[in-house]
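Asker: Listed here are the chains, written in short residue letters.
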Amino acid sequence: MFIKALLVALIVWLGQMDEMTLQFQTTRAIVTGPVVGLVLGDFQTGLQIGAALELMYLSNVIVGAAGIPDVTMAAGVSVALAILGGIPNETAISVGAVVAAFGQFMATIRLSVLGVFFARLADKPAREGDTKKVFAIDIFASCFIHLLLFALPTFIAVYYGTDLVVAAVENMPVKYLTAISKGASLLASIGFGMLLSMLTAKKFFPLVFIGFVLSAFAKISTVGIVIIAVAIAVLYVALTSKEEDEYE
Amino acid sequence: MNEKLTRKDLWNVYLHSLWFRAVNCSDRMQSLGLTVGLIPVFEKYYPDKEERGQVMDKYMQEYFLTHPQTAFWIIGIICSLEERKNLVGDVDYNVISGIKTALMGPLASIGDGLYNGTLRPIVAGICCTLALQGNGFAPILFVLIMAAANIAIRYSGIFVGYKLGANAFEKLNESGLMGKIVDASNIVAYTVVGAFIATNVAMSLGIHWTDSSGNVVTLQSSIDAICPKLLPLLLTLGTYKLLSTKKINMTLLIFAYMIGGAILYLLGILG
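Chains as they are written, first to last, in this note's numbering: chain D, 1 to 248; chain S, 1001 to 1271.
These are calculated hints, taken from the structure and not from any lab test.
Check each hint, because a few of them may be wrong.
To be verified - Label-pair distances were calculated between CB atoms; the ranges are:
no. : chain 1 : residue 1 : chain 2 : residue 2 : range
1   : S       : Asn1173   : D       : Gly41     : 48 to 58 angstroms
2   : D       : Leu10     : S       : Gly1214   : 55 to 65 angstroms
3   : S       : His1208   : D       : Gly224    : 25 to 35 angstroms
4   : S       : Ser1109   : D       : Ala238    : 42 to 52 angstroms
5   : D       : Leu10     : S       : Thr1218   : 25 to 35 angstroms
Unchecked claim - Using 27 angstroms as the maximum straight-line C-alpha spacing, the simulated DSSO-like pairs for lysine-lysine come out as follows:
no. : chain 1 : residue 1 : chain 2 : residue 2
6   : D       : Lys202    : S       : Lys1180
7   : S       : Lys1049   : S       : Lys1085
8   : S       : Lys1085   : D       : Lys203
Glycine is no exception: its CB is placed at the ideal position from the N, C-alpha and C atoms.
Whole structure, please, built from the sequences with the hints as guidance.
Answerer: Set out below in structure tokens:
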């Protein structure tokens, strides 16, 4: 259990560090979930929970200084709870929503307490033109901050929290567990609603209904609909380009 | 040092800039990251430590906040300006400061809108749909696409941004290319979200009754005959209206939906 909790914490830390450096998006729940699942020996559970959490927080964009719900820690902890504690996926997902909110709070501390401290620490070497020291502080601070604010709470939540959550779930009647999972199944609509409200070219809104009909009525797969959508986009660009382009 | 920046220098800037977002602070945001990214430039053009310190201090103290990937365009442009400052001498720090401050807003909105707000959710949505069907390749596909887009944005930022210099963004805007990219990406986004609603939101009614011949009739089956997935569509459009008219706390909304959905199920309204 100790080693397993440590591994989950490590994966969450690596995900956070990716977001700070390479930004290959391994920090997202759709990646963290299955990776934790793979390490804990149940890839499919990790995949299902990771995908469900990803859909809930689909278009999280940092606006100004406000942090966003943390999907990395949420995916790590919920997948670990589901696999190590054997609780239903939907219950694990609802715990994930709590963890995501906690991670958002950690992100605020990162920005306004630890970030301010370490940036100040780099002021003096910067003024002295000491590039190596500035670079070293940047790297060290980043690793340290994410170990303290994200990896450590993940470890504690998995190592000490699993039994607590399992006990709570075991005492709950099945009827209520099903009710929670029904409630959780509505959550993807928040991700899509958020995504729709972020898009700027509102004149294209009716396309939502075309996509919906292609899927709900015509049963075309999502990849098929993406191909149709890209074709419409290419046509639009071609038809709205200035005429003289064609004679050049 | 009377030398232009070489490709090797620019690659070095690229590698240092990977730590661009490593430490943000609430008052100056990414100024430390920007300073770290430009370290190879400082080392090349300001061999004297005292002079280098003065320049670095200016970058460190000035507020800087933009999207961590489109930021590489600003870094590339600053590289060309720092080079010009040292070789030609007709720009000073005030010019650089003015240009970076002018660019950080527009580039942030491009990055947030196109990368975080459109490309990532669409790719993630497709991969989640595949993942929920049990396809284990979905997460790998997601990372491959996002990493490719990331490298393309960052590489072009440093190298094309450096080449075009301060006019880079102006030229891009004049060509009308940016507007076209936004339109095209929105067309794909709206269409695909319509499909996502039908495949990924689960909601059905639990109301049912027994007809005169003793068969159980559900309200949901009558709705399905008219428009399948009608409830997920209405729920998502309602959520969209709510989110676009009011500023709502995401976490509260998630719990409201979860608890509301659970209560409606217990009452027998949802099935």
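Asker: So, for every hint listed, does it hold in this structure?
Answerer: Verification of the hints:
Checked against the hint of 48 to 58 angstroms, the pair Asn1173 of chain S and Gly41 of chain D passes, with Cβ atoms roughly 52 angstroms apart. The hinted window of 55 to 65 angstroms between Leu10 of chain D and Gly1214 of chain S holds, with their beta carbons roughly 60 angstroms apart. Separated by about 34 angstroms at the C-beta atoms, His1208 of chain S and Gly224 of chain D satisfy the suggested range of 25 to 35 angstroms. Here the CB-CB span from Ser1109 of chain S to Ala238 of chain D is close to 26 angstroms, at odds with the stated 42 to 52 angstroms.
About 48 angstroms separates the C-beta atoms of Leu10 of chain D and Thr1218 of chain S, a value inconsistent with the hinted range of 25 to 35 angstroms. Distance restraint check for Lys202 of chain D and Lys1180 of chain S: the Cα-Cα separation of roughly 14 angstroms lies within the 27 angstroms cut-off, and the hinted pair is therefore satisfied. As the CA atoms of Lys1049 of chain S and Lys1085 of chain S are separated by approximately 18 angstroms, the hinted pair is consistent with the 27 angstroms bound. Pair hint Lys1085 of chain S plus Lys203 of chain D does not hold up; C-alpha atoms about 45 angstroms apart against a cutoff of 27 angstroms.
The structure fails to meet hints 4, 5 and 8 from the earlier list, while all remaining hints are met.
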